[in-house]
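> Read off the chains here:
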Amino acid sequence: MTDILVFGELRGGKAKKITKELITAADRIAGELGGEINGLFVGEGAASAAEEFKGYGFKRIFYAEDDALKNYSTEGYAKVVSDVIKSTGARYVLAGATAMGRDLFPRVAARVDGVMFSDCVDLRVEDGRAIAKRPVYSGKVFIEITSKDERPTIVAIRPNNIPPAEPKGDGAEIVKQDSDVTIDTIRAIAKEIVPLAGGRPDLTEADIIVSGGRAMKDASNFKILEELADLLGGAVGASRAAVDSGYAPHALQVGQTGKIVNPKLYIACGISGAIQHLAGMRTSKVIVAINKDPNAPIFEKAHYGIVGDLFEVVPLLTEELKKIL
Amino acid sequence: MKIITLLKRVPDTEARILINQEGTGIREDGLKYVINPYDEYAIEEGLKVREKVGGDSKVTVVTMGPEEATELIRTALAMGADDAVHIVDPLLENAGPFTSAAVLAKVIEEEGFDIIFCGKQAIDDDMAQVQTILAEMLDIPQVNVATEFELSDDGKKAVLSRRIEGGDEKYETALPAIISCEKGLNEPRYASLPGIMKAKKKEIRKKTLADLGFETKPQGGRAEIVRWLPLPKSGECKIVEAEELQDAVKELVRLLREESKVL
Amino acid sequence: MSIEGTAILVIFVAVLTAFTLIVRHLYRVMMKGKPEDRFSRWPDRVKSVLVFVFGQARVLAQPAGIGHFIIFWGFIFITLGTLENILSMIIPAFSYSRFIGADAAGIIVLLQDVFGILVIGDIIVSLVRRFFFKPLRLESDDPKTTEEAVFILALIFVLILLMYGMRGTGILLEPNRYSRLYAPFSFYASNIISHWNINMHLANRIFTWCHHLIIFFFLLYIPFSKHIHILGAIPNVFFRNLGPMGTLSRMDFEDEDAEKFGVSKLTDFTWKQILDLYACTECGRCQAACPAYLTEKPLSPYRMIHHLRGELMSERKMILADGETPDIVPDTVTEDEIWSCTTCGACMQECPPFIEHVQKIVDMRRYLVLTESRFPQEMQPVFRNMEVNYNPWAFGYASRADWLDGLDVPLASDKKRFDVLYWVGCVGSFDSRGQKIARAMIELLKKSGVDFAVLGVEERCCGETARRMGNEYLAQMLIEGNIDTLKKYQFNRILTTCPHGLNTFKVEYPQFGYEKPVVHHTQFLLELVREGRLKVKGELGHDWTYHDSCYLGRYNSIMDEPREVLALVHGRDGKEFERNRKRSFCCGAGGGRMWMEENTGTKISEARLREFVEIGSDHLYTACPFCMTMFEDAAKVMDREDIEVEDIAEALVKVT
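Protein chains in written order, with my numbering: chain A, 1 to 325; chain B, 1 to 263; chain C, 1 to 656.
Next comes chain A alone, as it looks inside the complex (with noise of 0.2 Å):
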């Protein structure tokens, strides 16, 4: 049995966008070692949810939803995930490596008695077994690891590696879970979550990043950035000298310790490129350079690049992509 679990992520009562590129992932498994791809959601939303993702193929959807689950405690969330894996007898738990996705899946790992490979960026079938891609050492290369027996498998995969799946097939079944966690067993839970400001995507899932550097010079320069970013649907982001210099919040450092993204489009702008920023941004899909300096090492890496002044290039950039967007 090869059976597959898709763990749809819910925040703020509805599926994230990884969900649709794990439901891709699993196809790909189910496509080469068969078995039965069923839905997880768990917390609120996650009725609504099962019904959202009713036409993507799915066998059953679980879903568990209660006061108990509504904020995210690992505990809870674990109790539930393990008892359908345990149910379903999945052999493959797919979840986005993820903020909860990474806290919680260790523990249901445990719990399965399973193994588990965090921040995947591919998945695929080799000689009958599944695959899982993963950079180690900070990204500077990359395993392929599998389990090694037939114990439950837990993928978790990062967002934005896998195309999303389209709709398709016949209405899945829709499972309540039955959940027997209680709030006063939980040790330890969310108590709210407080958004960052901007309300742009984050980082970690931005499709398009546009970065600044040190050559920003100031903190109310980025707002030629946010113009861009916004306009694209985009995340601002920043480079460790910058966020050092005080232009930009630690948040939005893009680097080996700060943020690890990896979009499609990565826009940098005044940045030189070191090393500690290329960590965290050199698996984006393209990589733009924008810098006055041609022998600034992010040349060396980036896909396209401009040499000029990013304070005459940004904005020239921006009046551009407004024309034909």
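All the pointers check out, no bait thrown in.
A few chain A residues facing chain B, derived, Cβ under 7 Å: (1) Glu-192; (2) Ala-302; (3) Leu-317.
Derived lysine-lysine pairs resembling BS3-like cross-links, with alpha carbons at most 25 Å apart: (4) Lys-317/C / Lys-34/C; (5) Lys-487/C / Lys-32/B; (6) Lys-292/A / Lys-436/C; (7) Lys-301/A / Lys-436/C; (8) Lys-292/A / Lys-250/B; (9) Lys-2/B / Lys-106/B; (10) Lys-200/B / Lys-32/B.
Note that these hints are calculated values from the structure, not bench results.
Ideal placement from N, C-alpha and C gives every residue a C-beta, glycine not left out.
Got chain A; can you put chains B and C on it based on the hints?
Chains B and C in isolation, oriented as in the chain A frame:
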């Protein structure tokens, strides 16, 4: 209060990581090793808690790693930790998260604990699993990726902030618990010279698997690395040039739409 | 003996006794400091005193110094006269002329007479200068400084008037006492006084007694005022550092039970460092030359010494009693002051009594870093990076030689024996701008067929920055690591493109048992040109200006060679900065400041670059990678990226 901090020896963040000739791992020659950067936040937070609680609070560093990890444990002791347990056993080389968690759980149970701090992940295998599996084994809660930590006055619970996509999740946990630390939680102190001198005399208790009552490597054999892959070399950068900057920008937009299709 | 004679004898002996006790007290306080060896090279020390005390050589380096020269010599001659007068009151027959003849004694009288007038003039000029021109160097945060200065000037003024009154009335009472030739101004005074309707004898005694009592008062007041420098400056010049400028002491880390390193209390200073405090004249020349002070930073070397002396004087009894004294860090000298210093040494270059400010600051940094782990936040990654990767940035140590790819540069590890070791340094190895300089150097070395090698990945940070940031422990680790590597190879000279490395190898590595001739690339390149190994073909023919790096010019007196190379390159002499050579103005990078934020006041580098802009020269040249970085950054911030800053090697490579 008995505070445990976990410390792992990892290659320096700037180390050049190359795959060995056999393709079975990385080349270790010429690598510089450091305390896993996130573990430094854990040590610092442990020291801060000890300073806050006072009394006979104690910070014990627990490390699993080769003999050479001793000098890094000394650094943690120089920062102010009280003592350390160092599990050294050749069987533990390339241990997976479950093995590590099982060994650490044994040590920590023997030592006793009220709170455990560790890094959010080790920057070698980047798995970020040990702390959570360990929490499950010790049957205590964990809070991962903490950027704020505040111990209640009675020392029985803590309020935290943990970094999630697009915001901060405010968390509350009962103690004992494991807290994995993220950059921004604190600024790890720089060991003073008297601290370095004192650290030379502090106790590091060395233990093998046998000392801990394990006959063989526990909980191993779950995963297999099929192959090691170097980072793909990115192609040459296409520098977009034109007489007028505006034309260069136009060309860039065209390339992004038509060639790489990202817009 | 007359009643008057007995009275003056008693008072004189009492005052001398009290004065001796005070000096002994100050000496004992000083000797509570740590030991320091300053007892070698006696002839040079005597010469120092002759040149810098009696010749007032450094005082006279500025025009205002003439005033001090006059007061100094006036004070000596007037004291001689006073002594003669006192002795003659006790022993009526006493006079200098009996011992040295009438003419020699007459000349002393003449000098007293003339210097008296000069001193009066000088005092008037000084007061006018202090109150109407307010020179920068006399700025002080302590109002007492001015009060005291005015009080003393007024006292001297009265003293000189009394001297003329004493002599004038003396001439009226005893017309043959002085020759008119030897005492023209006293005769002039007698002329004026003769018109006064007073009892001349009584007036003479009053003037004499007032004069002597003021002198006595002065003697007892000196040690507790800024005029303590009269006592401190002479020995301070005698015991001055005769070695290379700004050499830092080597710390000993053998004692594993030590709880404290560096200076946090007055008695942590050495006796010589305490003597420095006695020696300060409060002339403020250090302050007027200090790049930190001149760009609105919290540091003034003058104020630091003034405050330390104030603390010393108020704690001296406690110090003598071996009691607990307050911490001077950060109570007397704030952390902001301590971290503001670039160790450029301009203060020490200017100081007439040779006070050594920089070592004190570094000693206090040592305390903060080693004992307290308290330092600006941005320094921590620098220390970490140096510890782990042997460079101040977070570059992996294994990438130190990446810049050599494709350059075909011989490695020491391959060659083993060679003539010159080219020490590339951290900036040359990692910084893309520094790499350009290094490549130019490689090209020049190859062109001239020098038998050289580089260390490649074996090279580590030389330790200079860590040392000046106060992290002596880290510095010694780096220094010892490098010495181990250097000892593996046989070569004759170390060549550096960085004055900081140069200074460290030359002056500080010998403290750790490694001595090897070191040459700066500007010297070496000139040598190659002179020997004909490097041919200069053509000239660039531009106006050029050379900025002296502190550690090259001021610290190591390498000032002509860079200029000679540039003169060859351009076929003309350069346009100089107003502050140049030994008096050059820092770029702001020294003392680890390169890796710290400069958030207060004007950026030092910008201040210097503005001076360059005013010169109206085409090219700015440096011979130091730190200066290069600072000026290039300053040019960016000033939106003057058109200013091209180049290293001398880069200039020379264009014409060879």
